[in-house]
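Chemist: Single-letter residue listing:
Number of protein chains: 2
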Amino acid sequence: MIITVTLNTSIDRTLFIKDFAWNKTIRTSQNVLGMGGKAADASWVLGELGVNNLATGFAAGDTGKLMEKMLLQRGCKTDFVWVNGETRTNIVVIGENGQGQSTLVSNGLEIGNRNVDEFKTKFTTLLQKASCVLIGGSIPKGVDISFYTYLVRQAGSAGLPVVFDASGPGLKAGIEGKPTIAKPNVDEISELSGENVTTIESAYRVGTELHKKYGTMFVITLGPEGALAVLSERSYRIPVLKVPV
Amino acid sequence: MIITVTLNTSIDRTLFIKDFAWNKTIRTSQNVLGMGGKAADASWVLGELGVNNLATGFAAGDTGKLMEKMLLQRGCKTDFVWVNGETRTNIVVIGENGQGQSTLVSNGLEIGNRNVDEFKTKFTTLLQKASCVLIGGSIPKGVDISFYTYLVRQAGSAGLPVVFDASGPGLKAGIEGKPTIAKPNVDEISELSGENVTTIESAYRVGTELHKKYGTMFVITLGPEGALAVLSERSYRIPVLKVPV
Numbered sequence: 021m022i023i024t025v026t027l028n029t030s031i032d033r034t035l036f037i038k039d040f041a042w043n044k045t046i047r048t049s050q051n052v053l054g055m056g057g058k059a060a061d062a063s064w065v066l067g068e069l070g071v072n073n074l075a076t077g078f079a080a081g082d083t084g085k086l087m088e089k090m091l092l093q094r095g096c097k098t099d100f101v102w103v104n105g106e107t108r109t110n111i112v113v114i115g116e117n118g119q120g121q122s123t124l125v126s127n128g129l130e131i132g133n134r135n136v137d138e139f140k141t142k143f144t145t146l147l148q149k150a151s152c153v154l155i156g157g158s159i160p161k162g163v164d165i166s167f168y169t170y171l172v173r174q175a176g177s178a179g180l181p182v183v184f185d186a187s188g189p190g191l192k193a194g195i196e197g198k199p200t201i202a203k204p205n206v207d208e209i210s211e212l213s214g215e216n217v218t219t220i221e222s223a224y225r226v227g228t229e230l231h232k233k234y235g236t237m238f239v240i241t242l243g244p245e246g247a248l249a250v251l252s253e254r255s256y257r258i259p260v261l262k263v264p265v
Numbered sequence: 021m022i023i024t025v026t027l028n029t030s031i032d033r034t035l036f037i038k039d040f041a042w043n044k045t046i047r048t049s050q051n052v053l054g055m056g057g058k059a060a061d062a063s064w065v066l067g068e069l070g071v072n073n074l075a076t077g078f079a080a081g082d083t084g085k086l087m088e089k090m091l092l093q094r095g096c097k098t099d100f101v102w103v104n105g106e107t108r109t110n111i112v113v114i115g116e117n118g119q120g121q122s123t124l125v126s127n128g129l130e131i132g133n134r135n136v137d138e139f140k141t142k143f144t145t146l147l148q149k150a151s152c153v154l155i156g157g158s159i160p161k162g163v164d165i166s167f168y169t170y171l172v173r174q175a176g177s178a179g180l181p182v183v184f185d186a187s188g189p190g191l192k193a194g195i196e197g198k199p200t201i202a203k204p205n206v207d208e209i210s211e212l213s214g215e216n217v218t219t220i221e222s223a224y225r226v227g228t229e230l231h232k233k234y235g236t237m238f239v240i241t242l243g244p245e246g247a248l249a250v251l252s253e254r255s256y257r258i259p260v261l262k263v264p265v
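Chains A and B are the protein sequences, given in the same order. Mapping of the first sequence onto the working numbering: residues 21 to 265, in sequence order. Mapping of the second sequence onto the working numbering: residues 21 to 265, in sequence order.
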């Protein structure tokens, strides 16, 4: 069974609008609720695909309950540590006239040391039934960044493949734990390596260096350029699929 | 018992941000859930004040359940007609640097004729325990605007005082039913009367005319100028209260 770990659970509410201006009532043409949090989102997709998986992490409040219900409705299993506060609702605003999109993000979970300890125990138990561990997303207030190092290491020590996807300081901490696979985008790998990765060539060079250092396979997403998978023996360029919208 | 009628129930999620720009991750400094829908919001406040009240109208989905829970937690009674779709979540974005605010509004409820009939029956029953009826907010898709005329008349025929607060075409329809009190703002009374009400003097003149026509007492809110209550015998100017924030 695949275990996904989302420390900072959230629901994404995506709104489509013509444009944003102050002091207006702005009518949304679509208002869609989706799973937030990289790892829980993976569970949601795995559930849809009928792949046996369990989502864990921290959750809170009515939004947490709704998030759990959304996962259960797709056939995922869940086992969260329930904390104070509220699972976040992030608001994704998409401009219909090609403006792009922006995300309004909030803090929500209130996590104490006791909760972290409870999660450690739960995680150890869950690893016994895991075939693969997927860890991702941001780290909530109250949890030290080094917790990602700990989690990746624990799963690795249990002999399990670990897939890791996060940004910022959390990315660095997780990579220190030597995951099997990491999926940074160009911004994230630039931050991780201290080099400005913009081309597929620089991604290959930096990815290879990082692979040597950590043993991690890096799948680097390059936006419209697709992705580059830097593995031990060889690397693969993954072109962008054309998806009818 | 005060009965409040909210046809288009909603929850308001209010986000405080420094500014809005496209293609950014924008951190919110506050993210507050409140009651939306003018009449349900009145219930929420009445509940907080310990005044016996019941909220009715149309509700749907998990957001409807959450809305109902929020009312129950404040000691309100509830008796909604449950329909398809989802009670709306309106997103109120407030600029912290004095930009003002904007509201992103959505459709959500899916109401059929059967639901409207069910509500009529419920409303007739509820009127028997009512001491006052408060009707307000927008009219959802699937409900004819004339429904406001019907509701206000039904409550008035039952000998109950009716307080009414709505915008746009719904306002006109509700006023046709001759409510006891209506609370338009200057924009709304301008639309209702076809005259451009901007000053307290013009509000008095137009309010008096409308009062003669409908018998309704108009409490016209004038923004920073406070409000003007146009009653049968006399009118009152209500200055703005200074509230420490």
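Calculated from the structure, these hints are not laboratory results. Just to be clear, a hint being listed does not mean it is correct.
As the list makes no split between identical chains, a pair holds if one copy fits it or if it spans any two.
What the hints assert, rightly or not - Using 30 angstroms as the maximum straight-line C-alpha spacing, the simulated DSBU-like pairs for lysine-lysine come out as follows:
1) K38 x K149
2) K262 x K161
3) K44 x K192
4) K198 x K89
5) K161 x K44
6) K198 x K38
7) K38 x K192
8) K232 x K142
9) K44 x K142
Chemist: Can you list which hints this structure breaks, lowest number first?
Modeler: As far as the earlier hints go, 1, 2, 4, 6, 8 and 9 are violated by this structure, in ascending order.
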